[in-house]
Structures are given as structure tokens and as C-alpha cells.
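*Asks:* Spelled out, the chains give:
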Amino acid sequence: MPQPLQIVVCAGIVPDPLQTLEPATSPSGPAIKNEMVLPAVLDPWAASALYEAAALAAKNPSKLYLVSLGPKAKLQQVMMTVAQKVAFELVPIDGPIGGFPDAHSTSAILADTIAAIPGLDRTRLLVFGGWESASRGAGVTLQLVGERLGITDQFQGVDAITLRDDGSFEVLERVEGGKHQVSICAGPPAVLGWATGNLPEPRNNPQIGMSNMRTMMPALQRAKTTALDSTTLRYVSVSLPKQQRETRIEKNMTPDSIAAELVAWIGKDS
Amino acid sequence: MGTLAIPETKTMLTLPGDPIRQILWRFADRFDLQMLVQSARGVARGTVARLVAAGERNTHEWTAAKDDMLDAFDRAGITAAFMEPEEGGFITGPKNLALGLAAFELAWVDGGAATASLAGFLALSPIHERGTQQQVTRYKTLSAPPQPGEDRKPWRGAFALTEPIPYVGVDTGMLSGKVRVADWKNGAEPILQVEKRGRFITGIAFANFVTAAVNSDDGRLKGSCVVILEETDPGTFDRGTATKKLVHQLSSTGDPVFNLLVPASRIVGGYTVKDGVIVPNFNHTEIIDAVFRRTRVPVGLMTAAKLLSAVEPVVRYQRQRFRGAEGARPGSVRYEQGIQQREDALHRLVDVWATGEAASSLGFAAARLFDELDPLEKQKTAILAERGVSGGRAEMKALKESEQRAIELLKLKPGSPRRTELESDPLVQYVLKDAEANVLCPATKLWNTGHGANMMREAVSLMGGYGITEDCPGFLANKWMDAQLEATYEGPEAVQRRQLTVTMTSDVFLAEFANWTTEMRRIASSRPGTGACTLASAMNLWAWSLNYLQHATDPTGSKLYHGQRQGVTFALADALSWLVASRSQILDVVELETRGAADAVAAEGLAGTVQFLSDLCHTQAAQAAGEVSRICAELVFGYTRHPSWDEQEHRNCFLAAELEELEETMPGIMAMAVDVLQPDGSHPAKAGPCAGCAGSSEFLRLQSKLTTCLTGARLAKDRAADTVSKVMIPEALDYPAAGPA
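In order, the protein sequences belong to chains G and L.
Residue numbering for the first sequence follows numbering that gives the first Met the number 0, starting at 0 and increasing by one per position.
Residue numbering for the second sequence follows numbering that gives the first Met the number 0, starting at 0 and increasing by one per position.
For the record, the hints were derived by calculation from the structure and aren't laboratory data.
Backbone N, C-alpha and C define an ideal beta-carbon position, used for all residues, glycine too.
Any given hint could turn out to be false.
Said to hold, decoys possible - Quick list of the computed label-pair ranges, beta carbon to beta carbon: (1) G:Pro16 <-> L:Pro416: 57 to 65 Å; (2) L:Gln319 <-> G:Gly176: 38 to 46 Å; (3) G:Gly176 <-> L:Asn57: 23 to 31 Å; (4) L:Asp343 <-> G:Ala57: 52 to 60 Å; (5) G:Glu21 <-> L:Arg417: 57 to 65 Å; (6) G:Glu200 <-> L:Pro84: 22 to 30 Å.
Said to hold, decoys possible - Among the chain L residues that face chain G by a calculated CB cut under 7 Å, a handful are: (7) Gly16; (8) Phe30; (9) Met34; (10) Phe89.
So here's chain G without its partners, still in its complex pose (with noise of 0.2 Å):
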């Protein structure tokens, strides 16, 4: 039987995708606009995550721990809706919203926070993250955590973990094609970026929510405020991908002569 890990998930918070997101000039560089006001959620990649920690501490008990930066009022809110998700102690660090902060400070505030977790074994530490992330991904952030920490088994594109008997574990990642590398780790501590695992996403049950939020509100006000570092990173331009809309009103068309060029239109790009 392996023995209890330790799991840290890092995780930020997104904009809901369904808002309308549009870059817009801060004081301090890029930002989305109106973004403190519009509603967050977990951002899913690292949701992913954390639902992927939550089944393997079911299987075989462990420590879970969620490391959260964003503005603490923020997280709060977020919290309501993740807290009743899966059973975790929550480790927040009130800073900045938006994905536009330089990596490397952020990694480092992560990593400085993880190592300061009270009781934390590391030799049985796994760090999971997002691999990507739903704002402006860097795509380096977990890594960069990991090289702070001295965890040099790292994963990325993550979609399974099998822990067996002698404390090895199997990890899926994703690799070109659709298909998998298969990798066998001898144990803990490595990072894990997960891509979207294999579980749907957990129902609310309000007793679990009940139950974390004991630790978590005091947590929230104990958290300290951080400022990340802007003038190490220089954006040149920003901007979404716009979608396109192309509306052209047929009224004599067949069904199959609408399939038809739907299909070519399609084929064209690929």
C-alpha cells in the first residue's frame, strides 16, 4: 500500500468564459476589462486538478492543499462554488487577477508560499497545476514552481495517475496524435500540469463546503497581500481572437446543398 501523500494544487482564478472579455489598458499594463467586476470561476485546467488530486486522495489518503493567488475578496466568491466541489485546505495568497503578471514572479511567490506550508513533508509532495490555463497561459508557471521547489520529475499534459503498491506511480501525458506517453515515476515529489483528466466535474455537496469552509474563511483572513513584480515584462500588443461571423441569407438552397458547402468550407482549412 503506498504511503499518505502530500498534494498541493495550484490553482488562479479566470473570468467566467462566457463573459465578454476585452483587453483593455491598466494603469499598470494589460488587463481585461472590468474584469475585479466580472463573475470568476476556478480556472478550469487547474480544476481540473484538483478534482484529479481529490479522487487520488480518496484511494489513498493524503493531505490536499489548494495554493490560490488572486484578490482575496475574489477568491471568496469563487470559493463558495469550489468548496462544496471536493475536500482540501485552501492557501490563499491575496494578490493581483489576470493573466498577464510575469511568470517568473508569480512561480516564485507559489513555490515560497508551498515551501512555507506548516507540517509539509516534501519528500512526498506532488505540486498539480493547470498545463494550460483559461487567461493568458505563459505555459511555464508550474514548471518554474517545480525548479523553485528541487522537483525535477515533472509531467506535462497529464490526463491519469496510477499509484502502485511501491510507491512508484504511472502517469499518462498527452503526446502528438491523440495518443499517450506512458511514464513510470519512482515517487514522490514531481510536478504534474494536467490537462483535463478523465473525471467530470465533482456536484456541489453544501456539507463539504460547510466543512472546508471552517478552515477556509480564517485562511482568507490571514492571507497575505502580495505584489508581483510588473517591470521585469513588457507587453507590445494584446489582443483576443475574434470570432467570425458570416451571414448570408439563402432561401433556395436544399438542405443537402447547404451540407455541401458547409463541408467544403470546413475542408478548406484542414
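Take the given structure of chain G and dock chain L to it, following the hints.
*Replies:* Positioned in the frame of chain G, the structure of chain L alone reads:
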């Protein structure tokens, strides 16, 4: 760099989100309620929305898919919201606000889903309010969702009061359901035979137990009571046929038939035996009064939710209406603003939005009030029981002194030393809250659902032909139709008006109302943009009119304010409902302005949000003032017979020759006289000499003041309309529209 600079503005940036709502509706410090909201929202915009989109409303029968919705309620904690933690719940203390919030979230998508969740609570409510401890423990524990490790289906309940016509419906006293003593062995529990036919009973398709109102048909059992029936009791438990409703199809409704043998311990609240007669501790009227005054509030909130839920789809439709057309190029006003170029479209949406805000404010104020009242009511019952007082009439008599003390408290100046003594008296506090609740509850049910249904029609009309199709985003046509049921069930509009007829004339309430009027003037002095002054003037006019009508008679000498004279009393009840809704809306915005800055998320763009919501308050206050002015004028003047051109009335008119003479001594009098008879006896072409009315000068003074108090109301509406044309909305609705599943 393809970005916009963030402008410094006082315009509301986005639709009000959770942080704003939590402050407005006073649950910013209740994370249990915040979680319930998120949980209920997940079910509403997930499971429920998919059911509606897939056409599950097109069947009257209870289906497996609809049954899954109940499981989703259980898993999300909605069912458990009614229970205490020791019964399997997670919310401690009174739960009126909690149930109101859950109903609001579900009705945001579908009213039937909200009703399905409320129906279970309604079945449990008689037991919760008046049941014995044993009954409470048994049925609430059985109804709680399974805990981790438990493998059981939770029990579902139905509340059976309504019977086939001509029996109980609008008049809850006309029971045909019967209970008799079937067997009563010496020293043993009596066995009762219960016969009851129900009509339009919600939740009956899956109910494991029913709380049924019945009358005694046996000299050995006194009066009426509510009994608990279980599906496994010996006899007939026939669920009947499904009602062919045109609305709320996600709730189960049917006409059941029961003929069952049950032990007397199933009488809700228990019984005592006096002189060989079983006397229920509570008759059915006492129980349903306690139940309905609480469960009616969430129904009013359901309609409020529909109105607010209509805003986003209507804005999106209006803005995108012309996109794709040749003449609407991106960047053009036609492309960007669509129908929102037109003032009328914006103004009508402002009216819908303002009504939704006022209805929500009123409903949540009522729900919070019941949360405060619940413990006070228990305290009152305990205190009076210690004094040997129990039962409806005896309690009312015993509380007379407390009512006088409550009125004294309301009239005391701030800082009076007697204030502390009176404020710490739980009976005084109970009387105050009770008087307020007795008005806010029926006003919520009446105004939110009745006027709300009218405004849902307006919302549907703003979508054009699209509004009355199944494809309409936000299911607006369903919501419009559903609102009519919400105005009807759990006591139709006439029942609410009848209750208000009595409760709005209570001395305690009228003293509170006078203080509310002063409070509105005080708010107006520091926040003139809220319309509080307009509202205070309308409140003055209503109070004056009520007092006048309570003492006035019609030309036959009959009293005008009388229970049977519903043309007077019901109209005044309607007018009052407009006032209390507008007042609640203003108080909520004041709360937001006061507390918003302390919340980091709400503080962002707070000034713009407060400005917009204040403009909605002003718009709504003006609407309320107009309604009150119209209703009161009609009542004050409408019961005086109009003078006619007969001989007697001619004596009060000037003769033309007489006027000419007077003109020599009083120049200008000819211009002022309107009722002048010519030498040939002819008179001006109108119904008769102009009418006067005893006391009319004071009414006209108040009405004239009210009219001038409307100053600025349309400017507020213009500002609100401007915000509606600019506010940022999400790219898409967060729940599906109808279409292939």
C-alpha cells in the same frame, strides 16, 4: 496596441453580480447561504435548463427525467436546506431567506422546478411549524437526503389542502375531507379513518407521505386538524390523474383520493382527550396560517427572479437584432446598438428591470423578517404559556398590552430612556415584527406575482415574435405563463388582498408606516436621487386616504371601508403593495451604498452601480406614486354622487345675469365661475355642476404635492436607459435555449 483605455466613469460596468446581490439582499456574511445559491444555480442552469430545453415541459406526466431533477436537488443540498444540521441539513437557525434564495435561483430558469423543490418543504411545513417533536424528528429525518455511507431514498411529501369544487380552495374553511374514529380500544391509541379527495396537489406523483387537512365527522373527535398519511397505510392511497397544466410542468400535480386508517398520533401537533373526546392541539386553520405566511414569500420571489432573468436575454436580443444584415456594418450604430438605438425599447426594459429589483427587494425583506420573527414567535409562545395563555384568541387578548407598548416605542424620540426598556421586551419585538410580516407577506405574494406577471408580458413583448417561441433564450414565454400560476397557488390574489384589508389597518402597522414615511424623507435628504421623497409623498397620500375612507360613507350611508366593500379595501391593498415594494428597493440600495465600499469586489465600480440602481428606485417610486395617486383619487372622489343639472343643484350655480352684476363689484369673477346657467335655463355641456368632496382640499393638496414630487423621475429613467444601452453583458446566456437535446 489594440486595446481600449479604461475610462473613469460612474456608469454601471456590468450586470450586478453576486457580490452586489449579497449586500443588497443581506447575506454577504452568510457563506452557508452563498454556497446554497451557487449550488442551486448549478442545478437550475444545468439539470433544469437541459430538461426545459429538451422539451420535458411538454408532458403532464411525471417522468424519469423529471425525477432525476429531484435527485439533483438532493445532491446539491437544496432538499437539505430545510433541515437542521442534526436532521441532515447544513444551515442552522431560521431558513426563510435560504428557501427564498433557492427558489429564486431555480425560478431564474424554471418556475416549475422551483415549485417542485418548495412543495416538499410545504408538505413538511405543518410538521415543522406545529408538529410534535416525535413527528418532526421522524419526517424531517426521513426526508433528508442520504448522508455519506447511507443507502436510502429520501422521502418526499405533498401537502393536501385543496379539494374538488365546491370545497376548499380560495376559502380554506370549507373542508369536505373527513376524519372519524375507526377503532378506540381501552387504553390504546385511537385509530382514525381519513377520507380526503385532493385537487391540484403538488408533488403527489412521488409523495411517500401527505399532510392532509380534514374535518371531524365524529362526535368523539373535535373540530378540524391536519393528519399525516403514509403511502403504506392500510386503505386507498390513490395518486389520481395528472393535472393537465399549461404551466410549471416540471412539478407534479394531481387529484388524489385517500381512504386510510392511521393512528391518532398522526394528528399534526398531537391531541388531548377531554371527556372522552379527542381534541387536536391545533385545528387546520391554525396550522395552515403558520405555514402559508412563510411559504408564500418564496413564491413571490420566484416571479421576481423571472423578471431579473429577462434582462440579459432582452439586452442581447436588442443589441444583436440587426447584425448580419447588409446595412449593419460592424462599428455602425445599427450594428452595435440594434434596437437599443430607440428610447422606447430602453425605457420599457428599464421598467421591467425596476420591477424585478423592487420585487426582489420586497421578497427578500419579507424572508429576512420571518427569519427574525421565527425565534421571537417561539419566545412569545413560551412566555404566554408560562402565564397560562394558549390558543389564538387568548393570545391575541394577552398581547393587547404589548401592542400599546409597541406603539409607544414607535412614537418615542431617539435617545428616550424608556426606549431601552421597551426594545428589550420580547413581546414588544414580536408584536412589531408580526405586524410588519402580516403586511409584507401578502404584499409580496400579491404584488410580485400579479404585477410581476404583467411585467413578464412586457419582457416577452420586448423580444418581438421571438419572445413567444420555444427558441426564445431565457424561456421568457414559459416564465410569463408560469407567473400566472404563481399569482394563483398558495392563496390567489383575492386572498392576499383580503388579508391586507385586515392587517394594514392594525394600529401597530400604521404606527410603523408613519415611521417609514419619516424614514423615507430622511433618506431623501441625503440621497435625493433615490425617489425616496416621491415615495414619502405617496405614502402620506395613501395614509390620508385610508383614514378618510375608514370614516367616510357612500350616498346611501354605507361605510366605505368594510370587509365586504372590496372595491375600496382591495384597491387600497394594491396601492400599499406598490409602496412597500418601492420602499424595500430604496432601503436595499442605501445598504449597498453604505456597505459596498468595504467589499473589495463590490467596491469596484460601486458608484456606477449605486447610481444605476438609484435611478431604478426613482423610476419605480414614480410608478408607485402614480398608481397610489390614481387609486386614492378614484376612491376618495369615486364614491360621491356626481351633481346633476337638476333643480336642487341649480341652486348652487350662478345665473349669467347674476354674474354680470357681481362682475361690477368683483372684477374677474366671470372668468372663474364654471357652472353658469343661461337665461333660457341652458347649462355648459358636461355631466353636471363640478363636484366637490368633503375634505377634498387636503387630499388635493397632498396629491398636488405628490405630482410635483415626480420632478426628476424621467431624468432618472433616461439615465438608467443610457446605462442599459452601455452595460457590458456576457457573450452568451449561461444556460441553453430550446433545441435538440
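*Asks:* Each of the hints needs a verdict: does it hold here or not?
*Replies:* Hint check results:
1. G:Pro16 <-> L:Pro416: 57 to 65 Å: With Cβ atoms ~60 Å apart, the hint holds.
2. L:Gln319 <-> G:Gly176: 38 to 46 Å: With a Cβ separation near 39 Å, Gln319 of chain L and Gly176 of chain G satisfy 38 to 46 Å, so the hint holds.
3. G:Gly176 <-> L:Asn57: 23 to 31 Å: violated (44 Å)
4. L:Asp343 <-> G:Ala57: 52 to 60 Å: holds (58 Å)
5. G:Glu21 <-> L:Arg417: 57 to 65 Å: holds (59 Å)
6. G:Glu200 <-> L:Pro84: 22 to 30 Å: holds (26 Å)
7. Gly16: Interface hint status for Gly16 of chain L: holds (5 Å vs cutoff 7 Å).
8. Phe30: holds (5 Å)
9. Met34: Interface hint status for Met34 of chain L: holds (4 Å vs cutoff 7 Å).
10. Phe89: Since chain G brings a Cβ to about 5 Å from Phe89 of chain L, closer than 7 Å, the hint holds.
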